[in-house]
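*Asks:* Residue numbers (the numbering used here), protein chains in the order written: chain A, 700 to 1030; chain B, 30 to 297.
Keep in mind that the hints were calculated from the coordinates and are not lab data. Be aware that a few hints might be false.
[Stated by the list, open to error] DSSO-like, lysine-lysine: derived pairs with alpha carbons at most 30 Å apart:
| no. | chain 1 | residue 1 | chain 2 | residue 2 |
| --- | --- | --- | --- | --- |
| 1 | A | LYS968 | A | LYS897 |
| 2 | B | LYS112 | A | LYS838 |
| 3 | B | LYS111 | A | LYS897 |
| 4 | A | LYS721 | A | LYS838 |
| 5 | A | LYS803 | A | LYS880 |
| 6 | A | LYS880 | A | LYS909 |
| 7 | A | LYS835 | A | LYS860 |
| 8 | A | LYS1002 | A | LYS992 |
| 9 | B | LYS79 | B | LYS213 |
| 10 | A | LYS839 | A | LYS863 |
| 11 | A | LYS1002 | A | LYS968 |
| 12 | B | LYS111 | A | LYS818 |
| 13 | B | LYS213 | A | LYS721 |
| 14 | A | LYS839 | B | LYS213 |
| 15 | A | LYS860 | A | LYS897 |
| 16 | A | LYS839 | A | LYS880 |
| 17 | A | LYS863 | B | LYS111 |
| 18 | A | LYS897 | A | LYS909 |
| 19 | B | LYS112 | A | LYS803 |
| 20 | A | LYS860 | B | LYS107 |
| 21 | A | LYS839 | B | LYS79 |
| 22 | A | LYS863 | A | LYS909 |
| 23 | B | LYS79 | A | LYS897 |
| 24 | B | LYS112 | A | LYS721 |
| 25 | A | LYS992 | A | LYS968 |
| 26 | B | LYS107 | A | LYS803 |
| 27 | A | LYS721 | B | LYS111 |
| 28 | A | LYS838 | B | LYS111 |
| 29 | A | LYS880 | B | LYS79 |
| 30 | A | LYS1002 | A | LYS909 |
| 31 | A | LYS818 | B | LYS79 |
| 32 | A | LYS863 | B | LYS107 |
| 33 | B | LYS112 | A | LYS880 |
[Said to hold, decoys possible] Just some of the chain B residues that point at chain A, by a computed CB distance under 10 Å:
| no. | residue |
| --- | --- |
| 34 | THR116 |
| 35 | LYS120 |
| 36 | ARG124 |
| 37 | LYS213 |
| 38 | ALA274 |
Every residue gets a Cβ at the ideal spot worked out from N, C-alpha and C, and that includes glycine.
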Amino acid sequence: METNETSSNEEIRPVLRVDSLKKTFSIVELERLLSFQPNQVFRSVEAVRNINLSVLPGEVFGFLGPNGAGKTTTIKMCMDLIEPTEGHIQLFGHDPRQRLAKEKVGYLPEHPYFYDYLKPQEILDYFGRVFGIGRKERKKKINELLDRVGLDHARNRPLRKFSKGMLQRLGIAQAIINEPKLLVLDEPLSGLDPMGRKEIRDIIIEQRAKGTTIFFSSHILSDIEHLCDRVAIVNHGEIVREGVLDTLLSSGQRQSELVVRCEPSALEKALQFLQINLVHLGSASRFVVDSEKVTSVIEAVHKAGGMIESLQPHRDSLEDLFVRATGGSEA
Amino acid sequence: MIGRIFAVAANTRREAYRNRAFLVLILMGLTMTIIGIVLSKLAVRNQAVKVIQDFGYFSVSMVCAITAILLGVILLHKELDKKTIYTIVSKPIARFEIVLGKFLGLLTLLAVFVVGLTIPWMATLWMYDALYVGGVAIWDDCLMGTFLMVGEAMVILSAALLFSSWTRPFLAGIFTFGYFVMGKNMYLLREYLSADTGPLSEAGPLRTIGQGFTYIVPDLDVFNVSREISLGIDVHGSYVMSSLAYGLSFSMVFLCLSVFFFSRRDFM
């Protein structure tokens, strides 16, 4: 695993700390008996192999990985929904099963679903009661939250008539009803239309501005890139990259992007030794080369009678990083 | 703690009574009352009240038992199937509080359900008794019978929660129904065990197994006073209290086991 932690991180007490987390599921497949494979009736699947991570106060931490990498299982273990097979989890220094820990956390599960026959204000009232919020404060908070997530118009509509986006917004509302210090969001932006994504993103940004630590998993790399301070990429139940996003993106292979004005065939001949892909844009050509070769490229371009129009460092996208880290697994 | 348990109970009740299945069960109970009236027309005049009385008791008790099985299995299953359980388990609430809240919510709902079905039954009974014959209906027994129906529902409900806490809903439904049928027939096993002759009269493994069953399967016949109502025998308050205490002891054990399984369950 490659890590890029800053030394100051070690001095700050993490909000969420996960050490050597493992989860193995035992699966019983009785149908194997019918296909005469009795030795395969009982088998175990390692969903999470060895996860170590720390989420620091006030940061937005992105947790990404391909399908089946172990993201949701890890989150569920942190939220006391699944018992880890091995390892330790600490939420604000407490075991995640303790009330002291849970009181400070808000959680939005993947594809949230609520009681069909209840109305949004009834659901929020229920969760408010569980948090021990008083009746008056609850009423005020529910009105504020419904307004904040744009569900004020649907306050008397049964939840079975809600769209996916509306359920997602209600999910966010119930996750922040206790004004959590840590907000855990499992795929909060998946399946939403662009407008819905923007609304949820705005709420995340607003929560961050309030000082809430945010830990979220997503498949949508552009959102992770846009919102996160630090990321961890998980693959096959293990973290394969973790660190400050900017550092991770600039720590890849150092490359530069050049735009050159030159006659195409002369340029291709001059740069034959590099084996690069030239993109011709009218009379100009664009290409990316390793930074240490820039000097020789400039010389070759001049010799071919060309002119350098622009030269700038080429930064990896999160997608490049993701593909490299996961070996091209599907996101 | 009490506030959280009551919050779960109130939410369970609210979700249940808006469920269409619950509405169907209420209609079923009311239909049974109407069937009782129709059947009474077939009886000779002074037996009409007894038909309404006996058939009404049977109807309310049966619909109540079915409701307890269905609600106990369906509502917990829905929590797991629709994954609404994720949002509640991750909140600062202990798992035993969730189980207890569900149980109390459903039990109070069933109590209201029994009262709701008893009122039209009693009203019909009163009308027939007052208009046609007079003095045939045994009001005390019918009222005591209503308390016992809630007691039986309590045991069935806790058994349904117990099975739902560790297995799939379909199996939980089958197990609960099987348990209900066994419970209804436990009096036969008790009779065999106390008989001087028969397969269970002599000491042996079969008798030991039979005796073991009396400890793990509640005798639901203690909640059934239909014979007493039919024959006009008084049902004493002390009998009702001891039957409710018997049911409560089984319910407590079932709830403890439900909490044990529910606390160790992974929510996938």
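*Asks:* All hints, please: hold or fail.
*Replies:* Now for the hints, and whether the structure bears them out:
1. LYS968(A) x LYS897(A): violated, 48 Å
2. LYS112(B) x LYS838(A): Within the cut-off at roughly 26 Å; holds.
3. LYS111(B) x LYS897(A): holds, 26 Å
4. LYS721(A) x LYS838(A): Violated, at roughly 41 Å.
5. LYS803(A) x LYS880(A): holds, 5 Å
6. LYS880(A) x LYS909(A): Distance ~9 Å between LYS880(A) and LYS909(A) Cα, so the pair holds.
7. LYS835(A) x LYS860(A): holds, 28 Å
8. LYS1002(A) x LYS992(A): Holds: LYS1002(A) and LYS992(A) sit about 16 Å apart, inside 30 Å.
9. LYS79(B) x LYS213(B): Holds, because 23 Å separates the two Cα atoms, which is no more than 30 Å.
10. LYS839(A) x LYS863(A): With Cα atoms ~26 Å apart, LYS839(A) and LYS863(A) stay inside 30 Å; holds.
11. LYS1002(A) x LYS968(A): holds, 11 Å
12. LYS111(B) x LYS818(A): holds, 16 Å
13. LYS213(B) x LYS721(A): Given that 30 Å is the threshold and the Cα spacing comes to 47 Å, the pair is violated.
14. LYS839(A) x LYS213(B): violated, 51 Å
15. LYS860(A) x LYS897(A): holds, 22 Å
16. LYS839(A) x LYS880(A): Roughly 20 Å separates the two Cα atoms, so the pair holds.
17. LYS863(A) x LYS111(B): holds, 14 Å
18. LYS897(A) x LYS909(A): At roughly 18 Å apart (the allowed maximum being 30 Å), LYS909(A) and LYS897(A) satisfy the hint.
19. LYS112(B) x LYS803(A): holds, 22 Å
20. LYS860(A) x LYS107(B): holds, 17 Å
21. LYS839(A) x LYS79(B): Violated, at roughly 56 Å.
22. LYS863(A) x LYS909(A): Holds. LYS863(A) to LYS909(A) sits at ~27 Å (cutoff 30 Å).
23. LYS79(B) x LYS897(A): With a Cα-Cα distance of about 69 Å, the restraint between LYS79(B) and LYS897(A) is violated, given a limit of 30 Å.
24. LYS112(B) x LYS721(A): holds, 23 Å
25. LYS992(A) x LYS968(A): holds, 16 Å
26. LYS107(B) x LYS803(A): holds, 27 Å
27. LYS721(A) x LYS111(B): holds, 26 Å
28. LYS838(A) x LYS111(B): Within the cut-off at roughly 27 Å; holds.
29. LYS880(A) x LYS79(B): Given that 30 Å is the threshold and the Cα spacing comes to 66 Å, the pair is violated.
30. LYS1002(A) x LYS909(A): Violated, because 57 Å separates the two Cα atoms, which is more than 30 Å.
31. LYS818(A) x LYS79(B): violated, 45 Å
32. LYS863(A) x LYS107(B): Holds, at about 18 Å.
33. LYS112(B) x LYS880(A): holds, 24 Å
34. THR116: holds, 6 Å
35. LYS120: holds, 5 Å
36. ARG124: holds, 9 Å
37. LYS213: violated, 31 Å
38. ALA274: violated, 32 Å
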